[in-house]
Amino acid sequence: MIATAWRVVGVGFSLLVILAAGLLYGVDPQQTAFGGSFVGNDVFITYDLRTDDLTVLLLAVVGVVSACVQLYSIGYLNERVASYTALVTLFTLSMVTVVVSDSLFLLLIGWELMGACSYLLIGHYWERRDARSGAMKAFLMTRLGDVGFLFGIFVLGLGYDTFKISELGDSPISPGALTTGTLLILVGVIGKSAQVPLQTWLPDAMPGPSPVSALIHAATMVAAGVFLIARLYDVFLAAETTLTVLAVVACVTMLFAAFCAMAAVEVKRVLAWSTVSQLAIMFAGLSLGTDDGRHAALFHLLTHAAFKGLLFLCAGVLLHQVGSAAFVVLRRYTRRGALRKRMPVTFVTMTIGLAALAGVPGFAGFFSKDSVVEAAWHHARDGSTVGWIVLVSVCLTAALTAFYCVRLWLWVFFRTPALAGALGAFEDDDPMADLEEPDSSKLHEGSWLMLAPLIVLALGAVGLGYADGLHLNWAIALATTVLAVFGALPAYSLWRRGADPRPVVLEREFGVDPAYQRVLVVPVEWLARLTVGGDRDVIGAYVRATGRAGVLASAGFRKLQTGNVQTYLTAAVVGVVALAILAGVIGS
Amino acid sequence: MTTALFSIAGAVALLAAVMVVTSRRIVHAALWLVVALGAVAGCFGALHAEFVALVQILVYVGAIVVLVLFALMLTKAPTNPLPALTTRRSPFAAVVALVLALILGSGVVLAFGNEKLKPVPDGSAEAVGTAVFRTWVLPFEVLSVLLLAALIGAIVLSQRTGKKGD
Amino acid sequence: MTITWTDWQATAVPLLLALGAVAVLLIDGFWRTGTKQLKHTVITLITGGVILFGLVFVMSQRDAFKPAFCRTAVEGPAECSLVLEPLTIGLWAVLLIGGLGVVGLSAYRLLSADIPVGEYHFLLLSALVGATVLAGARDLATVVIALEVVSLPSFAMVALRRDRRGSEAALKAFLVSVLSTAVMLFGISYLYGVTGSLYLQTIATRMPGIDPDLRRVAFAAGLFVIVGFGFKIAAVPFHGWLPDTYSGAPVEVTAFLAVVSKSAGVAGLLVLVTFGVAPSGSDLRIVVAILAAVTMTVGNLAALRQVEAVRLLAWSSIGQVGFLLAPLAVGDAQAVVAYLAAYVVVTLGAFGAVAVVQRHRPGGLFLSDYRGMVRSEPGLGVALVFFLMVLAGLPPGLAGLFTKFAAFQAVIDAHYGWLALVMALNVMIGLAVYLRWVAELFRLPADDPFSVNIESPAVGVISLCAGAAVVLSILPGTLFALAG
Amino acid sequence: MPLIIPLLLAVALFCIGVYGVLARRNAITMLMSFELMLNAVNLNLIAFDAWHVDGLATGQTLAVFVITIAAAEIGLGLAIVLLLFRGHGHVDADAARDLLEQERGAEQ
Amino acid sequence: MSLLLIALLAVPALTAAVLWALPAGTGDRVAAIVGSVVSGGVLVGSAVLWWDLVRPHCPCTYRLESFLGPPPRTLPGKIYAYAETDISWIPELDVRFHLGIDTISMPLIALTALLVFLCCLYSLRITPRAGRTRSLIALLLIIETGVIGTFSALDLVLFFLFFEVVLIPMWLVIDIWGDEHDRAGRRRAATTFVLMTVLGSAVMLLGFLLVHRQAGTFDLEVLGENPVAGGHGIALVAAVLIAVGLAVKMPLWPLHIWLPDAHAKAPTVGSVLLAGVLLKLGSYGMIRILLPVLPDATATIAPYLAGFSTVAIIAGSLACLAQTDVKRLIAYSSVGHMGFIGLGIATMSPEGLAGALYANIAHGIITGLLFFLAGGIKDRHDTSDLRTIGRALYARLPRLSGLLTFACLASLGLPGLAGFWGEMLILLGAYHPGDSLPRTTFLVLMVIAGLGAVLTAAYFLRLIRQLCQGDPADNPATAFAVDVSRIELITWAPLIVLTVLLGLWPFTLLDYWTFS
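Chains as they are written, first to last, in our numbering: chain G, 1 to 588; chain E, 589 to 754; chain B, 755 to 1238; chain A, 1239 to 1346; chain S, 1347 to 1862.
These are calculated hints, taken from the structure and not from any lab test.
None of the values given here were measured: they were computed from a predicted structure.
Do not rely on the hints blindly, as some may be mistaken.
[Stated by the list, open to error] Covered stretches of chain B (in silico footprint by chain A; criterion: 3 or more residues with CB under 8 Å from a CB of chain A, positions within the stretch not fixed):
#1 904-917
#2 920-930
#3 946-955
#4 990-1003
[To be verified] To give an idea of the chain B side of the interface with chain G (calculated C-beta under 10 Å), a few residues:
#5 Ile757
#6 Trp759
#7 Thr760
#8 Leu933
#9 Ser934
#10 Val937
#11 Leu1038
#12 Val1041
#13 Leu1045
#14 Ala1057
#15 Arg1059
[Claimed, not checked] The following label-pair restraints were derived from C-beta to C-beta distances:
#16 S:Asp1398 - B:Asp1201: 48 to 58 Å
#17 E:Phe658 - G:Leu560: 34 to 44 Å
#18 E:Ser746 - A:Arg1335: 22 to 32 Å
#19 A:Arg1335 - B:Asp1201: 43 to 53 Å
#20 E:Arg613 - G:Leu560: 32 to 42 Å
#21 B:Pro1116 - E:Lys664: 33 to 43 Å
#22 S:Val1846 - G:Leu478: 50 to 60 Å
No residue lacks a Cβ here, since even glycine has one placed at the ideal position from N, Cα and C.
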């Protein structure tokens, strides 16, 4: 009953967001303030709302994706529905707050509330150890970034003497403060969008329910970082250093994540790394510091929301129907082509999604990525080193993306022609596991409530590429396509040979996570024990020692109280002598 | 003349005092006390405080020491030497007393080392009596309360429990 | 010198008390017909009446300033042996209230049966005579004699039960006291030698002008005199006799020692320090301050682990003396008198409660005998808690809090920062001491909770003390108005 | 005559008295030592009286008072000692130790 | 209105006296009802007082905007006291019975009234097993008097007096109604608490007396107008003494050692009041006394104060990470949060102060809620040890653990909930400290405090992970464990609502603290 009510509320709210996006479309940018107060004389904290193109775009994305996710969840989830739906709705609300806010503090509220919701949603299956730790990690890493974000707000807000986003940049600010402020904001963005070096939480957040992954980790929350930079673009434009840093971070991240995706053996993990990589592409676009770049980034944000949402939902169907999204499990079904046959809709939509991700010409991802490449090219042509770096990185990433998309697609849905079904490609630890044949007869397509969103998003994944008007730079299109093919071919050939060589470095994801564990977590735990020990054995010891000294002194004085009056007399006379000597000392 | 007289009496007093605190026989100690007090009375006399000297002899030698001797008898004090009359801490006590003597002595010497005194005969009973009844009326009155209270106290303590009142 | 009307007025209270003492003795000695109860009651009433009359007289003389037994000096103002002034009045009020309380605690059926009633009250009144004279005394001869008048009857009272414990307790107190008298007299002799006078006022005026060579002797002499009082009020390290004597004496006498005898000592010391021996700026005040610090620390620390109620009160009273010495060291008579007044009232109450328990519970010496008293005997328990809180100086015992506060203020205003810190530390230790007892009182009752019919005189005295403590807590100004 | 002679004698007597008080066990001998100390006081008083040429005889008067005090003290003191003897059967001051605090395990 | 203020002080104390005077046979329930009614009345009274305080008075005291450029950044100096009572109490000691409120103290008074009311309400149904509820209620009411008195005292001595009033009642609450399994432990905890606090307040008193020696008055209004100038010498000593005394109460590292034990051993209502209200006495004292009376000297010690506060933040959080006892953990979290408040005060900036005040309120509400929840868990499992309670509370007590999660999120400073604004403003204050303070030092401290905020999140998440999450199969539900009962819901609801309201709409409160 409560669950149903929440479902209605959730879906209704998503639709409301879409409606709002529709109503606000084309309206002139405007801001409105409500509530506020002075703290001291130069800090004025307010709540403000605003609307402009960016708002409308993000509202539309959020609304559609969340509506799809809400609907999908009805079919997907049937336990702890109420809390889940409520949290998803709250999450949507937070994202909407971020999008419509014109106050840095209001934005921060939405921003961190998203973090909390994502924490709770990732930990939805709190019985599972990986879900617990993943949730915790996600929250802590994003919060670490958020502290930087908060400090950035301080620096910028006090520098510009306002905390209203629309008024930032209106007044002069010292370059140092500007750079510091934007860099600090960037820290928050990096945390939220899982860029290097705060990237490790996103892949670990995958134990959450798939629709949540679709909503949070593909379309909205991580995209909030991109949104924020786009929102504060005027400020960032003035801070060249920050943009350079952003470019470097983005380029490193996109390659890093793509490499990691190449070695992941679980569908959702591949998708997670691809998300990190694609977000980096958006950041790369933003880091160019041109309007083209910003436009391209937002375009990619839009298409990415569609196809990544789609892909996660598809993975969700696999998870829901098969029970796992690990390659090793899925391949047992694939051996007889069961997945393709029994789940045609999923197969088709997932193919579309992967095509869009890989940048197959005609699909949405192709266009948006090309626009980023084009913007980079234009910038690079103007003599910008950043432009060159971005250009090269994005092109390389395009190839890598094609590789892991094809790899995923082939290994999941097609039986390898290699001998013995490429025994040992994924079953390193248990070679016999492959021999057990799962009962594929019970496998069937998901309910229509789950499939309908897939179809909607698949349409988006195809059609959104044309939303921006078709203007194709043929040279670039050709180049990226060739790169994609270059990436796809090795994947195909490896699959043909039934081999999946995964370099250890990649499989361990460059060892970043264990390194963090060693460098941060272990010392902190050690320090924690030290602190408790210090409290108990040092500070506490002083207190206890004081108490014990009191008791000891008490016992001592009791001992002195011998009951022998001559002791008392002696003590007294000695006291007199001592006092006399003391007085002599004082007197002279 | 005065000095010589005083010195002799003082030496006797000192010797007797040492005997009082070191003698192993209690009764001997009490008798040495008589000597010491008498010698001190002699000192008073040498300083021309004849009335005080007289009171000293009367009250101390005549009353207090007798009282002490009575007490010794009542407490069945033995007349033979007692090795345990002084405690084992007596060397320490001696050190303490010596230190005190050194401090006081040096202080006194430093302060009064060059002073001379010329005893003039004003220590008559009349002078003291005048002082008592002219100037020191209040202490004198209070002293009477003290004597009465001490007397009653001593009496009541000497009575046997429960003998009185029921 | 002729004794004037002023002299009579100034000595009216001690005189009255002395007459009362003699009267009590005579009644006890010659009245053999009545029952024991009647006799005891009559004696109690007479003693109480005399003290009460003295109290009324004192209150009527509130703002008087009457020097008595004066002698025109060669130079300067007249030298007097006794001065009736607001400070004296305040001290007398405290002493008489204390005495009255002790009389109340010694009413029929409260006083231990083997104590001779008449002599007890006679000695009590004699000691009060000494105490009152001491508080007003302004010359060293009077001071030392009055002090003896306080002391000797008290020792007799300690041994008044005439048993093993009592005699031992009396002997200890007596020996220490005699030593202290000797030391003090020795100091006085030097003071006389240095200044040529026994009048405090003259000593105070001549002291600054004396020869530097003599100054050292004067200092030592002052020290000896103070030390003599240190014995009486059991300042550390001259305190050894106190716990033994307190636990060996009958409870009523212990109360007397803790209240009247101690107050008299403090009064005498106050008079000495403020008027003569240690004028403001004297190094002797540092000595007193050191004594204060050592006394409160040792007293409170030693009280920390005591398991007997009386011993705990004994040690804690040493601690309280330390607190009294602190404002005394800086010559703040007002704070001293206020502290003393609050201390007297609640100490009486506490000893009253202890007496009730010891009377009704054989061997009930220990804190554990008070277990659960707040429930089993609520009135007594709550009153005792209140008294202890006043002693600790925490709300709800505001009387104690504000008197401690005044002590702090005096010390701080006199720039004795270190002493104030020691006092702060001792507030904590003191609280720890009293909390142990309070905790026992609040614990769940033991198998045989303490619940008895308390004699009505005891109820009266304890309630009066509690009432007075409450009033003083609400209007602490009264305390500070005592010494005007 | 130098003032210092009686003063030093007084110091000596006083310290001998202190030694006696601290070293003697028998309560009566302790009392005797006290008398020595009080005599030292008197000696001081008389000497200073003579030194000051005190027309009021303050020192002598106080000396008489001290003698009286000593008498009162010794009277009461002997009574207490006798009482102790009745209870304990001896008069050794350092052997009267009944009032030592009793140990009790009641405290947790 | 001054009568109302006095009534707020007197009524609880008198009720306590009446409760004790009642015959022993009177049921505990009656006592709880009486306590609830009276404390409810006090709550209503404080609300009325608040309303009266903030409604516009004529002659109107509206602040006129300065047209001559930005006014200087100022701190609370003058006290515009309202509902004033000013009677000479002990003229000899220069002590006055001077009460009054302003916008700084009023919210704290209301918070006190609210928490005491909720505690009484809670005691209607849920009481510690040992001891009589009647006395517990009476002690709670006495504590209420003491705390409201401290918050409304305008005389240093009166402040000290009320400061001490709460000690003995709290000691009794911990000692008698505390953890029934550990008698020696609760005695030790209670005694440590009371002794350390007494020492602290005695030290504080020394500072007050030094102030009096310098300024000749104890009156805060007078002192606010004529502060003790000078940042060294006596003024500095006084400031150090007062700061140390208040830091014990607050408590600041390393004087916090009494706190974990006291909170862990106290009964639920005791912990709630201890954390929710009593700790605020220290921070309030710093804002009310240290800053206005000794501004220069405070500026001298502010960097050290800030440093210790920051250490408290980090140490408190780290200690939480290694705790195995729910109540101890929450207690240590208070150390961290009070460290934030100390940092805010030490910045001596309007932002930092507003943040400290806000954090005071928020911490009172959130930690109150946390201790209620921890008490609920402890009552159900008869222990507060995480290892014994087991995991997967989401499965066993879904509502309770849901609320716990909510409270944890609020406590770790999640924006949108009450805990955020205080910490945010404090950090802002540290970014922008008072003019006479070394900015670099405070920037470093700000960064460290920010990391402390992350650590705060870490230990709360760890708590949720160890307590709420986990495999239900390994931790089967206990039979008697019922989820949130009605009385609990009623008691906790106001706190939950306030947490959300204060988180979403901070402006009402912030508007009170304009400091100019």
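These are the hints, each one checked on the structure:
1. 904-917: That given contact holds, which follows from 6 residues of the region 904-917 of chain B lying within Cβ reach (below 8 Å) of chain A.
2. 920-930: holds (count 9)
3. 946-955: holds (count 5)
4. 990-1003: holds (count 5)
5. Ile757: 39 Å, violated
6. Trp759: 43 Å, violated
7. Thr760: Hint violated; Thr760 of chain B Cβ to chain G Cβ min 39 Å, cut 10 Å.
8. Leu933: 6 Å, holds
9. Ser934: 8 Å, holds
10. Val937: 7 Å, holds
11. Leu1038: Since chain G brings a Cβ to about 8 Å from Leu1038 of chain B, closer than 10 Å, the hint holds.
12. Val1041: 6 Å, holds
13. Leu1045: Since chain G brings a Cβ to about 8 Å from Leu1045 of chain B, closer than 10 Å, the hint holds.
14. Ala1057: Result: holds, 8 Å to nearest chain G Cβ.
15. Arg1059: 4 Å, holds
16. S:Asp1398 - B:Asp1201: 48 to 58 Å: Between Asp1398 of chain S and Asp1201 of chain B, where Cβ atoms are some 56 Å apart, the hint holds.
17. E:Phe658 - G:Leu560: 34 to 44 Å: For Leu560 of chain G against Phe658 of chain E, whose Cβ atoms are near 36 Å apart, the range 34 to 44 Å holds.
18. E:Ser746 - A:Arg1335: 22 to 32 Å: Once the Cβ atoms are compared, 24 Å apart, the range 22 to 32 Å for Arg1335 of chain A and Ser746 of chain E holds.
19. A:Arg1335 - B:Asp1201: 43 to 53 Å: 33 Å, violated
20. E:Arg613 - G:Leu560: 32 to 42 Å: Taking Cβ atoms as reference, Arg613 of chain E and Leu560 of chain G lie about 33 Å apart, which means the hint holds.
21. B:Pro1116 - E:Lys664: 33 to 43 Å: 35 Å, holds
22. S:Val1846 - G:Leu478: 50 to 60 Å: Distance hint for Val1846 of chain S, Leu478 of chain G holds at roughly 56 Å.
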